[in-house]
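Generate coordinates for the entire structure from the input sequences, incorporating the hints supplied.
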Amino acid sequence: MSDTATDRHTATGESLDAFRAQARAWLAANLERRDPAAAGRLRGMDHKTKEGIEAERAIQRKLFEGGYAGITWPTDYGGQGLTAAHQRAFDEEARDYRLPDFGVAGGTTFGVCARTMLAHASPAFLARHIPRILRGEELWVQFFSEPGAGSDLAGITTRATRDGDRWILNGSKIWSSGAYYADYGMCLARTNWDVPKHRGLTWFAVKIDQPGVTVQPVREINGDAEFCQEFFDDVELTDDDVIGEVDHGWTVAQTMLVFERGAGAESPPRTPPVPGPLAPDLVALARRLGRAKDPVARQAIARAHVNDFVQAQLGRRIGGLIRAGAGDGAGLASYGKLAAGTMGALRARLAMEIGRGGALVWDEGDVAGMTPALNYLNGRIMAIAGGTNEMQRNGIGERVL
Amino acid sequence: MSDTATDRHTATGESLDAFRAQARAWLAANLERRDPAAAGRLRGMDHKTKEGIEAERAIQRKLFEGGYAGITWPTDYGGQGLTAAHQRAFDEEARDYRLPDFGVAGGTTFGVCARTMLAHASPAFLARHIPRILRGEELWVQFFSEPGAGSDLAGITTRATRDGDRWILNGSKIWSSGAYYADYGMCLARTNWDVPKHRGLTWFAVKIDQPGVTVQPVREINGDAEFCQEFFDDVELTDDDVIGEVDHGWTVAQTMLVFERGAGAESPPRTPPVPGPLAPDLVALARRLGRAKDPVARQAIARAHVNDFVQAQLGRRIGGLIRAGAGDGAGLASYGKLAAGTMGALRARLAMEIGRGGALVWDEGDVAGMTPALNYLNGRIMAIAGGTNEMQRNGIGERVL
Amino acid sequence: MIGVVDLDLDLTEDQELFRQTTARFIEASCPLTEVRALMDTSTGLGDGYLRQAAELGWFAMLLPEEHGGGSISGEGVRDAAIVAEERGRGLQPGPFVPMNVVGFALGHQGSEEQKSKVLPALAAGEATATWVLAGPEGDWRPGSAVRAAERAGSFELSGTAGLVQDAHVADWLLVTAGSDAGLTQFLVPTSAPGVHVEPQRSLDLTRRFCRVRFERVEAGPADVVGEVGGADDAVERQLRLAVVLLVAESVGAMDADFQMTLEYAKARTAFGRPIGSFQAVKHQLADTSLALEASKAVAAAAIRAVQDDRPEAGEVASIAKAYVGDAGIDLAQNCWQVFGGIGYTWDHDQHLYLRRLTTDASLYGEPSWHRERICAIHDL
Amino acid sequence: MIGVVDLDLDLTEDQELFRQTTARFIEASCPLTEVRALMDTSTGLGDGYLRQAAELGWFAMLLPEEHGGGSISGEGVRDAAIVAEERGRGLQPGPFVPMNVVGFALGHQGSEEQKSKVLPALAAGEATATWVLAGPEGDWRPGSAVRAAERAGSFELSGTAGLVQDAHVADWLLVTAGSDAGLTQFLVPTSAPGVHVEPQRSLDLTRRFCRVRFERVEAGPADVVGEVGGADDAVERQLRLAVVLLVAESVGAMDADFQMTLEYAKARTAFGRPIGSFQAVKHQLADTSLALEASKAVAAAAIRAVQDDRPEAGEVASIAKAYVGDAGIDLAQNCWQVFGGIGYTWDHDQHLYLRRLTTDASLYGEPSWHRERICAIHDL
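Chains as they are written, first to last, in the numbering used here: chain A, 1 to 401; chain B, 1 to 401; chain C, 1 to 380; chain D, 1 to 380.
The hints are simulated quantities; they were obtained by calculation from the structure and are not laboratory data.
Be aware that a few hints might be false.
[As the list claims (entries may be wrong)] Subject to a maximum C-alpha distance of 35 Å in a straight line, what follows is the list of computed DSBU-like cross-link-like pairs (lysine-lysine): (1) B/K50 / B/K62; (2) A/K197 / D/K266; (3) B/K197 / D/K266; (4) C/K266 / B/K197; (5) B/K50 / A/K197; (6) C/K266 / A/K197; (7) A/K293 / B/K197; (8) C/K266 / D/K266.
[Claimed, not checked] One side only, chain C facing chain D, incomplete, derived with CB under 10 Å: (9) F25; (10) Q279; (11) A280; (12) V281; (13) K282; (14) H283.
Nothing here was measured: the structure is a model prediction, and the numbers come from that model.
Using N, Cα and C, we set each Cβ at its ideal position, and we do this for glycine too.
Rendered as structure tokens:
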């Protein structure tokens, strides 16, 4: 744990302004500037490798050593124990720097798994894993859905069987994004068959490179293979690997779903109520194809821009409602997920309507040319992954209304 | 019964061409020409009265006496016993003549009630009522939905209780279109409380002006009152009034629903696969408001025109499938009803989008000015009345797919 | 359902109290039964309603203090939006939006004479004003409806405007007119010769709209509001204000319609269960409540942007109008479908919300007009 | 599900037999496993596929008898639509639509020399032809992509065309070009100097599209198809034909995708029940099948109108294209949602249908282009 760093910030009760100034100086001295021309991440054109990820781990380690990893996380586990305001200040200062890019597993590790662990795992477990996560030594993915159980948690059949003081894991998981380069899977398994189906589930930490674990990438329709399927063949686990209480995995899963729906962030993205540039991808497309002055295309562009802004503002509102305890957190979080799932699919389709025939074809290697098609193929990810639109509607209908 | 007329057409085995020529001559000699400038029926501006309907009954009587009422219906009950081709020939010849306009009760009488009776009622019942219907002496409406039971047939609580050789009817019905000027209601009542809910139902003929029947118009949002609610207070019925078998009203209701969904017509509307004029109401609106050259308005106009044509062609296809016995009739008929329920609501809304602010206001008495608003207010009738969109989706999902 | 239904989550205590007072006033002075009764009257407004509302500050919030103005929190736009939301919820009649726009315009652009002549009376609800902007066909481009011809320092106003709310009870008209010099605004009394106010029928039964014809109406230099030919910026600010207040009214109406529908879905049974428990209805309600929550979120952003006079305020207002305009109609249509036949009856309030929200969608620019405006703001 | 899936309900016995033969040929020679294998090959077409298909008459149905033409029923368009529907169902590769259009055009407009040189080879599948119409940005206005400059009786073709299906394997190009005299068509060999065929990548993996650049390509008077400057009517007929055959392919693909989805919804369980028994899924499938049935209905009307060369054929074709284009995407998107994650995997066929139907929507004019065309047909 980085006691020095922690001391530096909190033991002295330092002010937000001082923190910000210090972060600014540290960033300038330690990190590279981000290439402003670097394109945003385009799923289907951003394949990670185990080797490539090492450079990212090094940056994360620097952050940790500088005292800027886990800014709001408890000091007991290597975090800085500071406030959300500190996190925002750091985020603002760090905007133009090259931060670690762990791909999709990064969001899962820091945004979903670690936060779920902090809410439910034992102190010993946290002391073992959280510092390693903060140092960039452990990337985590979720081993959650199964080939035969997508939306239905109660249908989980991957099982961990007690054998002396060990647990023996067998079964299969799917849709674990980035498992092929990650270190651990946070795995939901059935541990008790004698209780109602939604009970008797337990979460385990599964080291991905241990014997009995096979990871097989699932080729996606965009040609990439970010999702994986895993097969567990008598994988040995111990009580130390249990996250939360045995047979109470359902409760843990509910917490995880809130984080997964992108809500309840510790450090809520301070989305300013300022619209971004007019749907830049769609404007570029319309200009490239000579449709920028076409009233029908302009309606589609503005529609996307309106929805982009509305979605961001909805996120602010829902985050505020959850923090204010205005309703069931998981249910409220479904609003954000459903908005992403519906507006995302619409937006991908609007691009094809703007691009019409011109967006259907491109020259080999022409990234701008293929982007609308690739986005179109990714257009339903948010409508399906992490709980379908239908599940979110159930959540809203049953938990909020 | 009009034996003379029947003889004239069929006993002589007359040809279609001869029938057509005869009909043409008869129409020219007996009916008035239709005023081509007369506007189509606009719900909310077409209030019938008991007195006004007498003129229509007179025209219907003429048709009957001429041998042109119930062209395909059995000769035993005053029909002509001819083929659907004869009916089509007559319809084509009669297009430009002023036929009886019984308002919504006309369609219910001839298109739904009488056809359901012909399928299920006893010969004695048919002999009593069908000739009177054909002579224009009986207009029928449905006493079907109840204030507490809309889509749910099994929830019917209007009851007919056995009392010696009579039935005593109590309860209430609603959404009976045109009951305030009709003669009879075809009424679904519970006759047995000891069997599962969807059984134990029976259909009765209820004379509207008999003691114990109160008809109360329901004012609609368009300002008109075409729908009615009825209250039955110890209304006396006899076995002669029963339609179909006692306690087997469910079966009769299924037949009725097919007719109500506008499908399975004896004389299928020979919709030619020729598009009509470009959505005339919307073009008129766009022209009036100076938007005829606006590309966004033009898209909306064409969208409505496309849907109009598609809906007609779908009707042809579904009618053909039902006649070919290609599937469950009631389920297939739901396609037509659902198309009307979804495309109708969309079309009403497209008009408001074309008209924007200009369609929201009009001068007192300006029919063209108020038409888009009135259509908008009527836009969900087909989505709700006679089985909601949701019921049609259930029907398709459960009976067809 | 989410307990908080306010437009934003950070009302001050004073503002929250103001909201409650406003709601109580509406419930006491003009509940839906009264709104229905007013539909059949010639003015569409209850006696004394505007004066009583003025006592609560409805028409003072955007005026300078020296002319009778002032708002609860000092944030006039937000306070006015609180009133607007409650008004929408209760489908309140009367020219709340246009009177506030006229007051705001005069407060910023009017001459001292205009201010002292009109503003105290507006603030007290003793005089009524409305805004003449759109053409009778629903063209909201400023200057498209009325034309001002300059003749030796004076002006002659000609043209026909439409969708002028409550002009039939207005004392003053703020006329946005095109002229050779550019956009120019005038304050003219409704009684001026050549001004013809023609009340029309409308889809909305809870507000009144008029066509206003200008037949060579004389206007002197003292009737000009602001600079001759230089009103572009002022009109833009008026439009933003009108848009966000109208959006707040819409959101209030949406919330009320949805709550009414939700209660019905829980109480009404079919096939032995509440209809809201059927997945088809449950999902439709979920989608509808998403549209409602999103509308609240974007409305709050727009109100704040206009309150703070941010550079992007015009764009955010248009975004809110484009989204809420469509969402309001979606919501009313979905609620109607859940109500089924009962929603088609005159005596049920559902159609009043449908009419109001459909009208709101086009007032001060229909969604497609605002979408085009957004593209233009971004120089596309 | 409805048993009959044909485009219309009144196929003759011969036509029904022809449909079955076609389906069997596709299943035997190019099932989906083969379609997938061809995605990675350079031509995208199996050896001998076109020749075998030609034996079934695929490229002869719209040709004059004296040049190797003829169809089963004598109704060439309907027979071709039967093939097209089966092709769509099986996501068949190859230039079926453009070859038939070129054959049809030459049969009606070509010189005797052109006919005898090209048509028998097309009918036998021994030569391949395609149609050059759209610009590379997807502009389908005839004459917008290639320009013909007249020089002393000869022509020079210049410009860049796009979305030219299978030009990389074509022997002949039918080029629709603009010129000072008006729309003019040319038949040029792909090997002509100055013709540059550039295969592109595309959303659709089952068909290939090329950009074709014309750099001062020489064309003599004998290369002109029809009248110089007088091709408007011929091009209109070609477009109608292309549209209805493509619509038939789309309907076949829609039907296959929907059947696959329906089976999945019945077999896949969640929460202990088939997912298709949940009302949300059941209703989505009902809406989707309505779109499918409506597509079949309007496609049948369009095919018949073009077959019978009715005055309204152009309009009905555009109506069908506008409706089916959107409905095809709706259907594929809805099916994807029912499949959930499995539909996002490369090895599942769902995405092949999504790609195909999305591409179909824009080929030969996207829905909004056809809607605008419909307005123009009605002189709006």
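Problem - Hints breached by this structure - result: 5, 7, 9
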